[in-house]
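**Student:** Sequence:
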Amino acid sequence: EEDLLNDVCREVVEKWSESQIVDAKEKKEDEIQAIASMMEKQAKIVVKPKEVSQEEKQRKAALLAQYANVTDEEEYPFPDQSGLTRALSALNTPPALFRNTNVEDVLNARKLERELLRDEFQKKKEQDKLQREKDKLAKQERKEKEKKRTQKGERKR
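Using my numbering, you'd call the opening residue of the sequence shown number 23 and step up by one each time.
To be clear, the hints were calculated from the coordinates, so they are not data collected in a lab.
For each residue, glycine too, the CB sits at the ideal point set by N, CA and C.
Some hints here could point you the wrong way.
[Said to hold, decoys possible] Calculated pairs, BS3-like style, for lysine-lysine (alpha carbon to alpha carbon, straight line, at most 25 Å):
1) K147 / K161
2) K147 / K167
3) K146 / K156
4) K70 / K82
5) K169 / K158
6) K161 / K146
7) K147 / K133
[Stated by the list, open to error] DEER-style ranges, computed between Cβ atoms:
8) V125 / E73: 51 to 57 Å
9) E176 / Q153: 33 to 39 Å
10) K47 / E24: 31 to 37 Å
11) T123 / E77: 37 to 43 Å
12) R132 / Q153: 27 to 33 Å
Please model the entire structure based on the sequences and the hints provided.
**Tutor:** In structure tokens, the structure reads:
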């Protein structure tokens, strides 16, 4: 009986081992199949070349030509310049294919902001001055009323 039991156990273990090997092979095959399907999908995806018109090609060539002619000396003639001076010198460059107004816009915006702040400060200064005058007049009126009250009180005595 013991031999029979050992034989049955051995047979169960062998069948189990064989099934594990078959499962591993199936998993590998599934992985290979998944990779193959991904590769097929990627192969199907075709990138369409961008159609560029002749006008766009000419514009691109002109821009490249413009920037190809700029040397380091032309771009940075004075290395010790401050950022603002360099920005102002950029305004004086000769016009190319287009006019870059970024520097002008920023400078104008800063100037406008300074003017607005200056105007606000002036208004506040005037309002403070008017308020001080009102306070001064109110103080004088209070003193005069108090003075009249005290005189009235003294007359009654």
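**Student:** Hint says 37 to 43 Å; check whether the CB-CB distance for T123 and E77 agrees.
**Tutor:** At roughly 24 Å between Cβ atoms, E77 and T123 fall outside 37 to 43 Å, so the hint is violated.
**Student:** Check the hint pairing K147 with K167 against an upper bound of 25 Å on the C-alpha distance.
**Tutor:** Distance of about 30 Å is beyond 25 Å: violated.
**Student:** Can you confirm whether the C-alpha distance between K169 and K158 stays at or below 25 Å?
**Tutor:** holds, 16 Å
**Student:** For the range 33 to 39 Å, tell me whether the beta carbons of E176 and Q153 fit it or not.
**Tutor:** The hint (33 to 39 Å, Cβ to Cβ) holds, given that E176 and Q153 are roughly 35 Å apart.
**Student:** Is it true that V125 and E73 lie within 51 to 57 Å of each other by Cβ?
**Tutor:** Between V125 and E73, where Cβ atoms are some 36 Å apart, the hint is violated.
**Student:** If you check the beta carbons of K47 and E24, does the distance land in 31 to 37 Å?
**Tutor:** 35 Å Cβ-Cβ, so the 31 to 37 Å window holds.
**Student:** Mind checking the alpha carbons of K147 and K133 for me, to see if they're no more than 25 Å apart?
**Tutor:** Roughly 21 Å separates the two Cα atoms, so the pair holds.
**Student:** When you take the CB atoms of R132 and Q153, is the distance between them in 27 to 33 Å?
**Tutor:** holds, 31 Å
**Student:** Within a Cα-Cα threshold of 25 Å, do K161 and K146 meet the stated pairing?
**Tutor:** Holds, because 22 Å separates the two Cα atoms, which is no more than 25 Å.
**Student:** What's the verdict on K147 and K161, does the C-alpha distance respect the 25 Å limit or exceed it?
**Tutor:** holds, 21 Å
**Student:** Is it true that the CA of K70 sits at most 25 Å from the CA of K82?
**Tutor:** holds, 21 Å
**Student:** Given the hint that K146 pairs with K156, test it: the Cα-Cα distance must not exceed 25 Å.
**Tutor:** holds, 15 Å
Checked against the numbered hints given earlier, this structure breaks hints 2, 8, 11; the rest are met.
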